[in-house]
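Student: Turn these sequences into a full structure, and let the hints steer you where they fit.
Residue numbers (numbering that gives the first Met the number 0), protein chains in the order written: chain R, 0 to 424; chain X, 0 to 165.
If you're looking for bench data, these hints aren't it; they were derived computationally from the structure.
Treat each hint with caution, since some may be false.
Only pairs whose alpha carbons sit at most 25 Å apart, straight line, appear in this in silico DSS-like list of lysine-lysine [to be verified]:
id, chain 1, residue 1, chain 2, residue 2
1, R, Lys134, X, Lys11
2, X, Lys50, R, Lys190
3, R, Lys134, X, Lys158
4, R, Lys134, X, Lys106
What the simulated footprint calls covered on chain X by chain R, stretch by stretch (three residues with Cβ under 8 Å from a Cβ of chain R suffice, anywhere in the stretch; the number is not a length) [what the hints assert, rightly or not]:
id, stretch
5, 66 to 73
6, 137 to 145
A virtual CB, placed ideally from N, CA and C, is assigned to each residue, including glycine.
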Amino acid sequence: MIPSDPKQVTQICFDRIRIPDQRRLEVARANGAYSFLPTVLNEFSSEQIIEEVKKSGLRGRGGAGFPTGLKWSFVPRNTGKPTYLLCNADEGEPGTFKDRDIMRYDPHLLIEGMIMAGYALGVRDAYIYIRGEFKQEAEILNEAIGEAYAANLLGENILGSGYSMDLTVHRGAGAYVCGEETALIESLEGKPGRPRFKPPFPAVEGFYRCPTVVNNVETLSTIPAILEHGGDWHAAIGAPNSAGCKIFSVSGHVNKPGNYEVPMGTSLKTLIEDYCGGLKHGTVPKAVIPGGSSAPWLTPDHYEIPLTFDDLVKAGSMLGSGAIIVMDETVDVVKVARRLSHFYAHESCGQCTPCREGTGWLERLMIRLEAGKARASDIEVLRDAAEHMAGRTICALADGAAAPILSMLKHFPEEVRARVVEKAA
Amino acid sequence: MSMKETPRFSEKRLEEIRALVARYPGPQSALLPVLHMAQEDFGYLSLDVQKHVAEVLGLTLIQVREVVTFYTMFREQPCGKYLMEVCTNASCMLNGADELVRHMCDKLGIKVGETTPDGMFTVTEVECAGACSGAPVVQINNVYHENVDEAYIDAFIEKASKEDAA
Chain R
0 MIPSDPKQVT QICFDRIRIP DQRRLEVARA NGAYSFLPTV LNEFSSEQII EEVKKSGLRG
60 RGGAGFPTGL KWSFVPRNTG KPTYLLCNAD EGEPGTFKDR DIMRYDPHLL IEGMIMAGYA
120 LGVRDAYIYI RGEFKQEAEI LNEAIGEAYA ANLLGENILG SGYSMDLTVH RGAGAYVCGE
180 ETALIESLEG KPGRPRFKPP FPAVEGFYRC PTVVNNVETL STIPAILEHG GDWHAAIGAP
240 NSAGCKIFSV SGHVNKPGNY EVPMGTSLKT LIEDYCGGLK HGTVPKAVIP GGSSAPWLTP
300 DHYEIPLTFD DLVKAGSMLG SGAIIVMDET VDVVKVARRL SHFYAHESCG QCTPCREGTG
360 WLERLMIRLE AGKARASDIE VLRDAAEHMA GRTICALADG AAAPILSMLK HFPEEVRARV
420 VEKAA
Chain X
0 MSMKETPRFS EKRLEEIRAL VARYPGPQSA LLPVLHMAQE DFGYLSLDVQ KHVAEVLGLT
60 LIQVREVVTF YTMFREQPCG KYLMEVCTNA SCMLNGADEL VRHMCDKLGI KVGETTPDGM
120 FTVTEVECAG ACSGAPVVQI NNVYHENVDE AYIDAFIEKA SKEDAA
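Tutor: Dropping the structure here:
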């Protein structure tokens, strides 16, 4: 049970996640799933729900942190076109593995959140776009959705409320860029996942050019608690401008890697030492990537940083998806940056020149640097290329590609210099 | 199947595809799921398979080809009976993925991307699998194996080889 006193709340999405067989409808219902749904469908108006979500201060949990209620309020009404709800379960930002746990251990939480969101937005058809590799998770979701249909929680006239919604699981096929919402829409239309120019934003013109809301798994899974306990309740959890709890996926050089949901504002040090059992080697990390591989790196100066949207921006990074990759004193930072440069070069969709060409340049220069064959002038080309990619493309993939390179150059200049060869005399 | 035989979906599959198409505003949306089905049924997406998929969904061949070539999970070439995809992205790399790949390749006598001559094992490197708490992660025929070490892989390869010989 999630406490009704916001000060007592320590987790929201993971509240029931460790209950055995929670993925089965019968068990989920015995533990409170769908218990508040009839009240929402019968007594709440669409405007009321959107207002509560706005008041809650909930910000998107997929990476961008956009206020969810505001996103919902952008959907135009009475356009004569259908409105679509898409759940972004294309969890691919390196270091991120939180949505997977919600989907495989508590799928009914996500389904319930989607029904409530769908009702608020006037949606008839909703889809879960799940990364193709999560085949088992897609099967678990399909089983849960089958149970929900059989119990009249999905389909025609849900629980006699007059509201009808269909929900379909759709598997991607291995493309990081499809986590970007307009690329996801292209992909769901059966095309290569190339991000679209914005505006128009999906809320106005998205899936099949109709109004569309795309929300992350964790975001949608927070909705049932917000509607049951109220927007003010949620706003009182966590930190200013970073309401609620957040699942952090911690991996790398820690003793107990895993997903930990904590109130926003918990410090990085607390998370690593109290939850993750500390580092494998040493006491302070050499570098930490705080929000997935696209987030600029933090150094020991920021070890005690409170994990909030604002604090991370102030530190020159971002909260992103909440994926924390920890590197202890044994790490070769040049090797990590080289590996990430390969990732971005592989995943660039190729439509914007700065990204298509730039990611290739970054990878080639990083291979040369790691091998100890780079000249001092190569480092300047590396910096120049990275700086000229960010902000010059349709989507943020190029910014993500630049982040590890610029972080390495900024924080570890000695290690870079040590790899550089002087020109032969 | 023989080289000349044209790949066709079974009636049961076609029925499944019709039900799937009905769940979307347009038939092209079913392309990714139908390509997954085709790969399951025919092993890989040969040009003939892609032509068949285009025909079934009423699409042009180029609409199918540009999707097949864009997404990394779609394969235009056959692979081994056991496709072993090792994540070597940051978190797995920090936990020994590169060494694991080297061990697998040495043991099987192949390079990354190759298949053993008996057609049993293919080893590839993939991007973040989204299971980083279990690093290093290896997907074998789309099933996740986590916290994989050399002993685990050796045992898997031995068991699979024995089962195949039996």
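Student: Run every hint past the structure and note whether it holds.
Tutor: Checked hints:
Between R:Lys134 and X:Lys11 the alpha-carbon distance is near 21 Å, which keeps this suggested pair within the 25 Å criterion. Taking the CA atoms of X:Lys50 and R:Lys190, the gap is near 16 Å; set against the 25 Å cutoff, the hint holds. Between the alpha carbons of R:Lys134 and X:Lys158 the distance comes to roughly 24 Å, so the proposed pair stays at or under 25 Å and holds. Straight-line distance between C-alpha atoms of R:Lys134 and X:Lys106 comes to about 28 Å, which puts the hinted pair past the 25 Å bound.
Requiring three or more residues with a Cβ within less than 8 Å of a Cβ of chain R, the coverage given for the stretch 66 to 73 of chain X holds, as 6 such residues are present. Judged by the Cβ-Cβ criterion of 8 Å, the stretch 137 to 145 of chain X is covered by chain R as claimed, because 4 of its residues qualify and three suffice.
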